[in-house]
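Chains as they are written, first to last, in the working numbering: chain A, 1 to 606; chain B, 607 to 706.
Simulated from the structure, these hints should not be mistaken for lab results. Take the hints with a grain of salt, since some may be wrong.
[Claimed, not checked] Only pairs whose alpha carbons sit at most 20 Å apart, straight line, appear in this in silico EDC-like list of lysine to aspartate or glutamate: (1) A/233 with B/671; (2) B/633 with B/687; (3) B/629 with A/281; (4) B/633 with A/136; (5) B/633 with B/651; (6) A/572 with B/695; (7) B/686 with A/338; (8) B/683 with A/479; (9) A/290 with A/274; (10) B/686 with A/274; (11) A/282 with B/651; (12) A/382 with A/315; (13) B/619 with A/474; (14) B/633 with A/281; (15) B/631 with A/6; (16) B/633 with A/276; (17) A/290 with B/628; (18) A/203 with A/274.
[As the list claims (entries may be wrong)] Not everything, but these chain B residues come out facing chain A in the computed CB check (under 8 Å): (19) 616; (20) 619; (21) 642; (22) 643; (23) 645; (24) 675; (25) 676; (26) 700; (27) 701; (28) 702.
Quick reminder that beta carbons are idealized off the backbone N, C-alpha and C, glycines included.
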Amino acid sequence: MGRFLDVNLTKGKLSDYAPKENILRMFLGGKGLALSIIMEHARNLAKKGVNLAELDPFSPDNVLVFATGPATGTGFPSSGRYHVMALKSPLTGSVASANSGGEWGPYLKFAGYDGVIIRGAAEKPVYISIMDGKAELRDASRIWGRNTFDTTTMLKEEHGKGDVSVACIGPAGENLVRFANIINDEHRAAGRTGVGAIMGSKKLKAIVAGGSQRVTIAKPEDFKREQKDALKKVKENSITGQGLPTYGTAILVNIIDAHGIFPTRNFQESVFPEAEAISGEKLAEKYLTKRRACWGCPIGCGRVSRVPSGPFAVEYTEGPEYESVWALGADCGVKELDAIIKANHLCDELGLDTISMGATIACAMELVQRKKIGAERLQGLKLEFGNAAAMVEAVWRTAYRVGIGADLAEGSKRLAEKYGAPELSMSVKKLEMPAYDPRGVQGMTLNYATANRGGCHVSGYAIASEVLAPQPVDRFTTEGKAQLVKTLQDFTCIVNSACVCLFVTFALGPSDFAKLLSTITGWDLTENELLKTGERIYNIERQIMNMIGIDGKEDTLPPRLLKEKIRDGPAKGHVSKLDAMLPEYYELRGWANGVPKEEKLKELGL
Amino acid sequence: MMLNGCYVMVKVKVRFYASLRDKYKVKEVEVDCDGGLESFMDSLDSKVKGARRDLFDNEKKSVKENMIFLLNGINVKNMKEPIKFKDGDLVSIFPPIAGG
C-alpha cells in the first residue's frame with residue numbers, strides 16, 4: 001500500500017504521492033486513507049481563506065479520491081472493491097462517498113497504484129490512462145458524450161480489451177446531474193452522492209487501468225492459510241454460500257415486504273401488494289440468464305438478465321439489485337419488472353444512481369399527486385404512481401436534463417423545495433433513503449439519521465441484526481440500538497477501508513479481518529485496534545462535515561417518518577423513535593450535537 | 607385453540623419463499639391445526655412433505671434456528687409468549703437470505 005497518483009487537471013500535471021506509514025496504519029486504506037487525504041486538502045483550503053461551507057462542489061477546488069485498500073486484489077474473499085470520496089458532494093453538500101465492486105479496484109493495483117487523487121479541472125475533456133506504472137492524461141473529446149457502455153468498449157479497444165478495466169461517467173455525469181455515478185466494468189457503480197457529476201465538472205471522462213504489477217502481501221504463507229480458512233467460512237455460511245449466490249440481492253423484496261417495511265409510493269405506505277411481481281423469485285423465474293461475480297468473489301451475487309421482447313426489451317443487462325428494484329419499482333408504485341430492468345439498464349448506461357433516481361421520481365410522483373407540479377411543466381408526461389412507461393422516460397430525461405428531467409436532475413430535496421413541499425423529499429442530508437421503512441425497524445431509524453453520508457443503508461446495516469439474523473434483536477425496541485448502530489458503523493468503515501465486500505461480513509467478523517489484514521500488511525492488528533481504526537475513520541469524516549458546517553441539526557429524518565404512523569401491515573402504528581436513541585448514541589460516540597468532542601478527537605489521534 | 611373448553615381447529619395460510627419454494631414446488635398452502643406449533647408442523651408436513659423436518663426443532667419444540675418464520679409479519683423468535691395460531695393467520699417462511 002502507499003502509492004497514489006496525484007493528478008492536477010488544471011495544470012495537467014501528474015505526480016506520485018506516498019502517504020506515511022503511520023498514516024497508513026491509522027487509516028488503513030480505501031475510505032479511511034481517502035478521508036485523511038481530503039482532510040489535508042480541506043485544511044489547506046481553509047488556510048487559504050476558502051469558506052468550505054460555501055465551496056461549490058463543482059469548483060476546481062473540490063478534490064476527488066479513488067482508493068483501493070490493503071485487501072483489494074489480494075484474494076481476501078470478495079476483495080474486488082474500491083472506494084471514492086470527495087470533499088463535497090453536489091447532491092448533499094457534505095462529504096461524498098461511494099463504493100464499487102467489479103474489476104477496476106484490483107486492476108488499478110495491477111497497474112501499480114493504490115489510488116488516484118484528482119484536483120483542479122481540465123479545460124477540455126480528458127481521461128487518465130494508468131498502465132503498468134505509467135500514467136498519462138489523454139484527450140477524451142472522441143468519447144465525451146458517449147454512454148458508459150460505448151466509452152468502456154472504445155477505451156478497451158484502444159488499451160487492450162481483456163487486460164484493462166474502465167471506470168467512467170456517462171451523459172448524466174457530463175450534464176452535472178447531482179446524483180450521477182461512476183460506472184466501472186459496464187454495470188458496477190460507485191453509486192451514491194453524485195461522484196460522477198464531480199468527474200463531469202472536472203471534465204474527466206474516465207480512468208483506464210491495467211498491468212501486471214504484483215500486489216504486495218507481507219506474509220504470503222500466513223495469508224494463504226488465513227485465506228483458506230476465510231473462504232471455508234464464506235462457502236459454509238448459509239447466506240454467503242447459498243442465499244446470495246442463488247438469488248442475488250433482489251431476494252429481499254418479499255422478506256422486507258412481509259415485515260411491512262417495504263416503502264411504497266414515496267413512503268406513503270409500507271407494504272406493496274404487488275411485491276411478488278417484482279421479487280427476486282420472479283426475476284430468477286423470468287429474466288435471469290446467468291450470474292456474474294466481481295473479481296475474486298466466491299459469492300457471486302451479481303445477476304445477468306434479459307428482457308426478450310416488448311417495449312422494455314433489453315438483450316443483455318446486469319442486476320437489478322434489490323435497492324434498484326425497490327426505488328424504480330415499489331417506491332414509484334411500478335409493478336412491471338421488465339420496466340424496472342429497463343430503467344435500471346438506462347441508469348447504468350447513462351450513469352445514474354438507481355436509488356436517488358427512483359426515489360426522486362417517486363417524490364415527483366407525489367408532488368404530481370398533490371398537484372404541486374402542474375401539467376404545463378410535465379408536457380404530457382403522466383408522472384403518476386404506477387405508470388411504468390413514465391418512470392422509464394423520466395430516467396433518460398433526467399440524464400439529459402430535458403423538460404421535467406432538469407428538475408429531477410437536482411435530486412429530490414431541491415425538487416421538492418422548488419415545488420413548495422420540501423417535506424416530501426424522503427432524504428437525510430439531501431441523500432435519498434433506500435429500501436427500508438425505518439419506522440418498523442428502529443436501528444435503521446438511528447442509522448439513517450446519523451450515517452455520515454446521509455440517507456444510507458450500508459453505513460450501519462442494522463437490517464442484518466434486526467431482520468435477517470437467525471436470532472434477530474427486536475426491531476421495534478429502541479433499547480440497545482445506539483450501541484448496535486455505532487458498532488456496525490465503525491466496523492463498516494473497516495470493511496470499506498480494507499476494501500472488501502460488505503456481504504462477507506455475514507460470514508467473517510472483526511477477528512477474521514484482523515487476522516487476514518495482519519498477514520497482508522505485516523502489522524500485528526488486533527480486533528480492538530481495528531474497531532478503534534473504524535471509529536477514527538467515522539470521526540474524521542464527521543470532523544470534515546463539521547468543517548463544512550454540518551452538525552447534529554441534520555442528524556434527523558423527514559417529518560413523515562417521525563410523525564406519521566405506518567398506516568397498515570405488520571408494522572402498523574409505528575413511527576421512528578429517534579429521540580429515544582440519539583442522546584445515547586451521541587454519548588457513546590463522545591459527540592455533542594453531532595460534533596466530536598475535543599477529548600474524543602484526542603483519543604483517536606485526530 | 608381452546609374455546610369453551612373444546613379444541614377448535616384454525617386455518618392458517620402458509621407462504622414459502624426463495625429456496626423453500628423451489629424445494630417444495632409450492633408457493634402457498636392452507637393448513638388446519640389446533641393452534642399450537644407442533645400441530646401446525648404436523649399438518650403442514652401432511653401437505654408439504656419434509657416441511658416438519660426442515661422447519662421444526664424437535665428437541666427445543668420450536669422453529670429451527672436458521673429459518674425466518676413470520677407470523678403475521680412478526681418474527682416468532684421475538685415473541686415472548688408461546689406461538690398460538692388464530693384462524694386466518696398468515697405465516698411467511700424464509701430460508702437464510704440477505705441482500706442490500
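Broken hints, by number: Hints 2, 4, 7, 9, 10, 11, 12, 13, 15, 18, 19, 20, 21, 22, 23, 24 not satisfied by this model.
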